[in-house]
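Novice: Please model the complete structure; the sequences and the hints are all you need to start from.
2 protein chains.
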Amino acid sequence: MQKISVAIIGWGNVGRGCKRALEETSDVVLAGVVRRPVSLNKQEPELENTRVVGDIKELGKVDVALLCIPSREVPERVKEYQAMGLCTVDSFDEHERIVGLKKDLDINAKAKKVVSIFGTGWDPGTDSGVRAIMKIASITGHTTTTFGGAKGGRSMGHTAAVKAIEGVRDAVALTLANGRGKQKRKVYVEIQKGFDPEDVAARIKADPYFTADPTEILFVKSINKYNTLHHEGEVERTGMQVNQKYQVDGNNPELTANIMVSAARACIASRDRGEYGTYTFIERPLIDYLPGATLDEKMEGY
Amino acid sequence: MQKISVAIIGWGNVGRGCKRALEETSDVVLAGVVRRPVSLNKQEPELENTRVVGDIKELGKVDVALLCIPSREVPERVKEYQAMGLCTVDSFDEHERIVGLKKDLDINAKAKKVVSIFGTGWDPGTDSGVRAIMKIASITGHTTTTFGGAKGGRSMGHTAAVKAIEGVRDAVALTLANGRGKQKRKVYVEIQKGFDPEDVAARIKADPYFTADPTEILFVKSINKYNTLHHEGEVERTGMQVNQKYQVDGNNPELTANIMVSAARACIASRDRGEYGTYTFIERPLIDYLPGATLDEKMEGY
Numbered sequence: 001m002q003k004i005s006v007a008i009i010g011w012g013n014v015g016r017g018c019k020r021a022l023e024e025t026s027d028v029v030l031a032g033v034v035r036r037p038v039s040l041n042k043q044e045p046e047l048e049n050t051r052v053v054g055d056i057k058e059l060g061k062v063d064v065a066l067l068c069i070p071s072r073e074v075p076e077r078v079k080e081y082q083a084m085g086l087c088t089v090d091s092f093d094e095h096e097r098i099v100g101l102k103k104d105l106d107i108n109a110k111a112k113k114v115v116s117i118f119g120t121g122w123d124p125g126t127d128s129g130v131r132a133i134m135k136i137a138s139i140t141g142h143t144t145t146t147f148g149g150a151k152g153g154r155s156m157g158h159t160a161a162v163k164a165i166e167g168v169r170d171a172v173a174l175t176l177a178n179g180r181g182k183q184k185r186k187v188y189v190e191i192q193k194g195f196d197p198e199d200v201a202a203r204i205k206a207d208p209y210f211t212a213d214p215t216e217i218l219f220v221k222s223i224n225k226y227n228t229l230h231h232e233g234e235v236e237r238t239g240m241q242v243n244q245k246y247q248v249d250g251n252n253p254e255l256t257a258n259i260m261v262s263a264a265r266a267c268i269a270s271r272d273r274g275e276y277g278t279y280t281f282i283e284r285p286l287i288d289y290l291p292g293a294t295l296d297e298k299m300e301g302y
Numbered sequence: 001m002q003k004i005s006v007a008i009i010g011w012g013n014v015g016r017g018c019k020r021a022l023e024e025t026s027d028v029v030l031a032g033v034v035r036r037p038v039s040l041n042k043q044e045p046e047l048e049n050t051r052v053v054g055d056i057k058e059l060g061k062v063d064v065a066l067l068c069i070p071s072r073e074v075p076e077r078v079k080e081y082q083a084m085g086l087c088t089v090d091s092f093d094e095h096e097r098i099v100g101l102k103k104d105l106d107i108n109a110k111a112k113k114v115v116s117i118f119g120t121g122w123d124p125g126t127d128s129g130v131r132a133i134m135k136i137a138s139i140t141g142h143t144t145t146t147f148g149g150a151k152g153g154r155s156m157g158h159t160a161a162v163k164a165i166e167g168v169r170d171a172v173a174l175t176l177a178n179g180r181g182k183q184k185r186k187v188y189v190e191i192q193k194g195f196d197p198e199d200v201a202a203r204i205k206a207d208p209y210f211t212a213d214p215t216e217i218l219f220v221k222s223i224n225k226y227n228t229l230h231h232e233g234e235v236e237r238t239g240m241q242v243n244q245k246y247q248v249d250g251n252n253p254e255l256t257a258n259i260m261v262s263a264a265r266a267c268i269a270s271r272d273r274g275e276y277g278t279y280t281f282i283e284r285p286l287i288d289y290l291p292g293a294t295l296d297e298k299m300e301g302y
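Residue numbers (my numbering), protein chains in the order written: chain A, 1 to 302; chain B, 1 to 302.
Rather than coming from a laboratory, the hints here were simulated on the basis of the structure. Note that the structure is predicted; figures quoted are calculated from it, not measured. One or more of the hints may lead you astray.
Chain copies aren't distinguished; within one or between two, either way the pair holds.
Derived pair list, reagent style BS3-like, types lysine-lysine, alpha-carbon separation capped at 27 angstroms [unchecked claim]:
1. K3 to K103
2. K19 to K245
3. K184 to K110
4. K193 to K110
5. K245 to K151
6. K184 to K113
7. K182 to K110
8. K182 to K245
9. K3 to K57
10. K205 to K225
11. K163 to K184
12. K205 to K184
Specialist: See the structure below:
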């Protein structure tokens with residue numbers, strides 16, 4: 001079986017997680033890491049034996065670009081990579097924009113004969129798959145998704161959104177359960193010199209990531225002691241005859257990275273069958289995400 | 001959108017569950033119930049407004065046959081219905097035979113331009129989907145599936161297997177958790193007059209359904225007070241960075257029936273795309289199992 005060659009685009013927590021996930025797989029291999037020009041000369045022990053480039057074209061044959069970049073930059077970058085004839089995987093996380101964006105990106109993918117798995121991390125992504133399975137198993141019922149538990153965990157999308165706001169030097173956005181199916185946010189912010197905390201807080205609260213849920217903003221000297229990569233979540237469906245619950249907890253970027261590396265397989269399985277297009281997690285068969293060269297290997301544990 | 005027309009083959013607990021599940025859906029409709037000749041004239045209030053026939057051909061247009069029959073009869077019956085140009089759904093439950101049987105049934109389905117969803121109930125079926133998702137989200141790790149909890153629940157496959165054994169008048173086979181990833185069986189049996197309990201017990205223990213796990217056989221005057229439709233199960237995956245758990249409990253045949261009705265949608269979605277074949281649960285996109293005429297409807301809650 002030909003190995004799948006991937007490039008990691010972006011070297012944040014998710015990019016690092018992808019590199020570690022790739023060390024645990026043999027069918028998907030790393031061609032190199034693409035970083036912004038400003039970061040190209042940074043020395044990092046984790047990248048010692050890895051090609052680091054500013055342009056993916058320098059890496060030679062790449063099948064799939066893993067877009068480990070802020071969610072809001074994803075749609076444009078998917079288009080760019082598709083135009084280069086590359087498959088892509090991303091974890092774009094704005095649920096309500098996915099269907100609309102996917103339609104455009106699907107046209108591009110079909111035109112270029114590539115496959116993109118779009119909006120596929122933990123949630124949206126595998127949690128969406130779990131919600132689908134729960135609805136398949138219990139046609140009537142009520143599903144809720146609750147994040148963060150009592151202590152709270154790191155929301156990557158919200159953290160990236162706050163970090164991009166003017167006047168923020170560093171930040172971490174925690175999500176806490178606020179009753180079943182509801183969340184609240186706790187945002188720890190290091191402010192940049194010369195900025196007014198009230199202005200910065202107003203900008204955070206006005207960001208679409210935060211308008212739906214109660215949000216508490218705390219300005220601190222250093223976010224270090226509040227920072228975490230841990231998160232947890234729970235999907236529940238109750239019905240007349242059947243109850244289901246799925247719980248996950250762990251390192252959020254590692255989880256996302258594992259899903260993205262698995263999705264690289266789904267890109268190539270679809271491309272090999274000529275099923276070009278841009279798909280969400282639930283639009284591709286689960287088996288396509290699993291390792292194995294033969295049906296028997298892929299079906300192991302069915 | 002054209003409605004999907006299904007026939008229920010067999011009128012046991014799962015067949016009844018399919019009828020109730022169909023009452024909760026509008027896109028899949030019941031053409032009628034196919035029963036054995038010996039049962040055709042039985043009066044049952046649940047079937048008052050339903051066509052009951054001995055041969056599916058009497059029902060006119062049927063898209064999908066839902067095979068609500070003992071697991072061991074499934075492979076032959078799938079072939080028969082495929083030969084008639086019908087799609088099929090079943091909950092065949094012998095994990096280790098699935099890949100082999102599927103290959104043959106896949107050839108038949110492609111030849112007849114139909115789609116079968118094979119081995120798709122709770123487990124194998126949605127639990128297989130959950131195990132796939134857990135592996136996608138945590139590439140390395142250890143997955144276990146445990147059934148029955150401390151009290152035990154009804155295993156449908158084991159109950160049907162015991163009922164088919166010579167000398168058994170009626171029976172229920174309970175599965176109890178026996179440590180993580182392990183089960184034990186408790187079988188309550190009403191014996192037929194003139195049979196030796198030791199012989200009957202030996203036949204049960206020799207059945208492949210029971211050879212792998214500790215099995216206790218109890219002969220009782222009436223199974224009524226031990227009988228239940230309830231079952232529960234848990235899939236867990238632990239990894240270095242991520243832990244996941246899925247729990248389900250409820251009425252076992254209703255759960256299976258809901259999954260089978262959802263799978264009827266997946267048959268027709270695949271057939272409409274010309275993707276003929278015999279597939280397991282994880283080989284079809286989850287979205288195909290969900291209701292909705294448009295992408296937006298199907299993606300609701302993604």
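Novice: If a hint holds in the structure, say so; if it doesn't, say that too.
Specialist: Here's how the hints hold up against the structure:
1. K3 to K103: between (30 angstroms within a copy, 26 angstroms between copies)
2. K19 to K245: Only across copies: K19 and K245 sit 25 angstroms apart there, 31 angstroms inside one copy, limit 27 angstroms.
3. K184 to K110: Neither: 40 angstroms inside a copy, 51 angstroms across copies.
4. K193 to K110: Classified as neither: same-chain Cα gap 48 angstroms, cross-chain 68 angstroms, threshold 27 angstroms.
5. K245 to K151: Close inside one copy (20 angstroms) and across copies (19 angstroms); limit 27 angstroms.
6. K184 to K113: neither (42 angstroms within a copy, 51 angstroms between copies)
7. K182 to K110: neither (38 angstroms within a copy, 47 angstroms between copies)
8. K182 to K245: Intra 16 angstroms, inter 21 angstroms, cutoff 27 angstroms: intra and inter.
9. K3 to K57: within (19 angstroms within a copy, 49 angstroms between copies)
10. K205 to K225: within (23 angstroms within a copy, 59 angstroms between copies)
11. K163 to K184: Classified as within; 18 angstroms inside a copy, 53 angstroms across copies.
12. K205 to K184: Within. Shortest intra-copy distance 12 angstroms satisfies the 27 angstroms Cα cut-off; inter-copy 55 angstroms does not.
Going down the numbered hints, you'll see the structure goes against 3, 4, 6 and 7, while the others check out.
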